[in-house]
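Peer 1: Each chain, written out:
There are 2 protein chains.
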Amino acid sequence: METTKFTLSEKEMPTSWYNVQADLPQPLPPLLHPGTHEPTVLPPSLFASELIKQESSTERFIEIPEELQQILHLWRPTPLYRAHRLEKALDTPAKIFYKYEGVSPVGSHKLNTAIVQAYYARQDGIKRLATETGAGQWGSALAMGCSFIGLECKVYMVRVSYNQKPYRRILMETFGATCIPSPSSDTQAGRDILSTDPDSSGSLGMAISEAVEDAMNRDDTYYALGSVLNHVLMHQTLIGLEVKKQIEKTGNYPDILVGCVGGGSNFAGTLLPFIPDKLKGREIQIIAVEPEACPTLTKGPDLYDFGDVAGLTPLMKMFTLGHTFVPPPVHAGGLRYHGMAPIICHLRRLGLIEARAEHQRSIFQSAEQFARAEGIVPAPEPAHAIKVIIDEALKCKESGETKTILLALSGHGHFDLASYDAYLSNKLTDYEYPHEKVEEALAKVPKV
Amino acid sequence: METTKFTLSEKEMPTSWYNVQADLPQPLPPLLHPGTHEPTVLPPSLFASELIKQESSTERFIEIPEELQQILHLWRPTPLYRAHRLEKALDTPAKIFYKYEGVSPVGSHKLNTAIVQAYYARQDGIKRLATETGAGQWGSALAMGCSFIGLECKVYMVRVSYNQKPYRRILMETFGATCIPSPSSDTQAGRDILSTDPDSSGSLGMAISEAVEDAMNRDDTYYALGSVLNHVLMHQTLIGLEVKKQIEKTGNYPDILVGCVGGGSNFAGTLLPFIPDKLKGREIQIIAVEPEACPTLTKGPDLYDFGDVAGLTPLMKMFTLGHTFVPPPVHAGGLRYHGMAPIICHLRRLGLIEARAEHQRSIFQSAEQFARAEGIVPAPEPAHAIKVIIDEALKCKESGETKTILLALSGHGHFDLASYDAYLSNKLTDYEYPHEKVEEALAKVPKV
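Chains as they are written, first to last, in this note's numbering: chain A, 592 to 1039; chain B, 592 to 1039.
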């Protein structure tokens, strides 16, 4: 019988994170201060001292504290699957593997960094974390992380999602967090927006501004971000480090690695541990997949831009559609971000990864095919990557090549079934690249 | 570092189901024909020939076909966890373990039998399965099972759940099943009910009658049941067989085993492999937990009764509240059944297991405590068992005993978060034992 699931024991879980900054052929461009445009670091009033250190560290491996390892063991190592049934359905000679992060208690990879951020905040004597969330994956991960570490947690949830996805809000509350719709009257930023637009449905950029302000105004509070930053991506490298051990056991090595990108943390966590091999000349094609409605890597220019709408964050060098750009309402809420993790952008700049954009109707079609073959109903975000691995597997069918294809499957779609309903009942719209809105937003990017 | 998760490799998954009928000190009372009251077997027009054989088999182990083993490997073996964090929160010397079936793609143990029933139906040349579902756990499991085996699937879903739990319906549709609210106009049984009560919110008993009628009227269709029957319970014994291997690796043996009971399949699947040990004199306390609002095992008399409202099924000897009894609307939809698996009832009759009933506010309180300690948000059904393991762990704290407590955690609560919302916002009602309604229903049980 062919093996389906490649598991590792707790003892085989990596005990250090991998820091790609040790191996980059050129260093990352620095962060710039939002006011002075001078090189800067993350603000110590908002981030744990250890995380600020990690953000610019060039140590290759950074050890995971034992208490965190013990918590990670609840769901890690996560399984690597061979998609035998999907291969058969596609009639492809390709070997398809997927690394599944949906086994985490909150259903996605986000928990890998949430508990870490809570842990280092507590180490600094902090009692409370503030954050924003769009679709709610990150908010529920941080709620659980704070519950485990013993911190309070306040989540500003984009109002439209707050109303559409009550289950995510309830999940946060079950873990003891406070979750309110953003824009809210709890912050000046929120009050300003509400005074001009009382019915504002909110945006991720607005919610970030509220959470940052909340943390700036309270000595007992840090701010937490679920993607984009270097330390966040590093916490996710457990994914790729495990994959390397697992795929080695199968006797294969990925010819193609595919992941979806919003902020880029799941994709980075999976691919970064393969970068040293690639730099040594090993052939591996690495593909980032994003929505056609928010095509940061495929269509955005490479600029210094803010991480939030209000311009409170440091400027980051990245492919961007402009920090004031509000993407069309595609169902993959986690991919609706105007920018991209600086590390991902740097790898793209260096030609180490490539990018593709997909429309949402085709990604749901691929997700449905995947679910019927493999049983797992994927979240709309990784469904983007599934579209591409199916395309690649079908190319192999034509060419007869036996390529090994690796999919980063970041989580399940249990809280996203309304979007499947829209797909199944033929109510899903594809959004063309909104290039006029992007031009407008790009005009507001500061000149550096 | 203490081990948290005890996994097994695919190769360690049992390759046979355990059939407790080989070891029962007294045989099970026979099924009786609904009309003649003579001993009978399951109707061959509704069930696969192999399942009818399994239902009354006294072979100790029945081999699992290789194709099914391969599918089971997608999520099996499931992990056994040591609840270190819950133990610490309770400050108990007890060792708490839980066997978690929520890692299955549909989030519960139901899939363990769903794919098997689909497989044996296909073996008989059948093209389609009909079934009922209450909360939707069973319906979504059978939908996936049919998708994997290549059968059509029609699910009659209790109307009130159909309206309250759209996500479960969408999940079934994603797997290609047809799911309609019951009572429906697709069957005579449904039309009869609708003609007298057009706004009927439905019941499990009504939905069973519709699914059975559907299967009786079509040559290409069998009926599938998600619990109660002997073969269904046997398919679930993989759970307990795996637990025995896993807990042995920890150097422990359960002093107490606790599971929730509706039809009884998750509880039975976990405990049955321990029965031979118990019969040989090994001390193990086995506790079934049910809702105070539907206390079949703790308050029902031991009678022959029907499995459905309309009286279409064979009569089964079981503890029952009467086949026409409609339990109060507690949130644990999976435990709202008037009867109980004959095997579970037989073990109770023989004094091998005991039973307790719990109120829903206290079970959600326990579930919340469990979620905050262990990260997993349990479904309302296993939350009943969690209440009891916490009670037992606190008794150990008082007595100083280091008992080993094993929890059967049948699934997660991702689709049940509305009930957590009701609990968290203090809107949850406890229902007293509705003894007058039970008396009424018991008066309608046929005299055998």
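Keep in mind that the hints are not guaranteed to be accurate.
You can't tell identical chains apart in this list, so a pair holds if it fits in one copy or across any two.
Claimed, not checked - Restricting the straight-line Cα-Cα distance to at most 25 Å, the calculated cross-link-like pairs of lysine-lysine (BS3-like) are:
1. Lys602 x Lys679
2. Lys718 x Lys679
3. Lys602 x Lys836
4. Lys869 x Lys1038
5. Lys1018 x Lys679
6. Lys596 x Lys840
7. Lys596 x Lys836
I should point out that these hints are in silico values taken from the structure, not numbers from a laboratory.
Predicted model only: the values in this text are computed from it and were never measured.
Peer 1: Each of the hints needs a verdict: does it hold here or not?
Peer 2: Hints, verified against the model:
| no. | hint | verdict |
| --- | --- | --- |
| 1 | Lys602 x Lys679 | between (34 Å within a copy, 23 Å between copies) |
| 2 | Lys718 x Lys679 | between (52 Å within a copy, 21 Å between copies) |
| 3 | Lys602 x Lys836 | both (12 Å within a copy, 19 Å between copies) |
| 4 | Lys869 x Lys1038 | neither (34 Å within a copy, 77 Å between copies) |
| 5 | Lys1018 x Lys679 | neither (30 Å within a copy, 49 Å between copies) |
| 6 | Lys596 x Lys840 | both (11 Å within a copy, 21 Å between copies) |
| 7 | Lys596 x Lys836 | both (13 Å within a copy, 19 Å between copies) |
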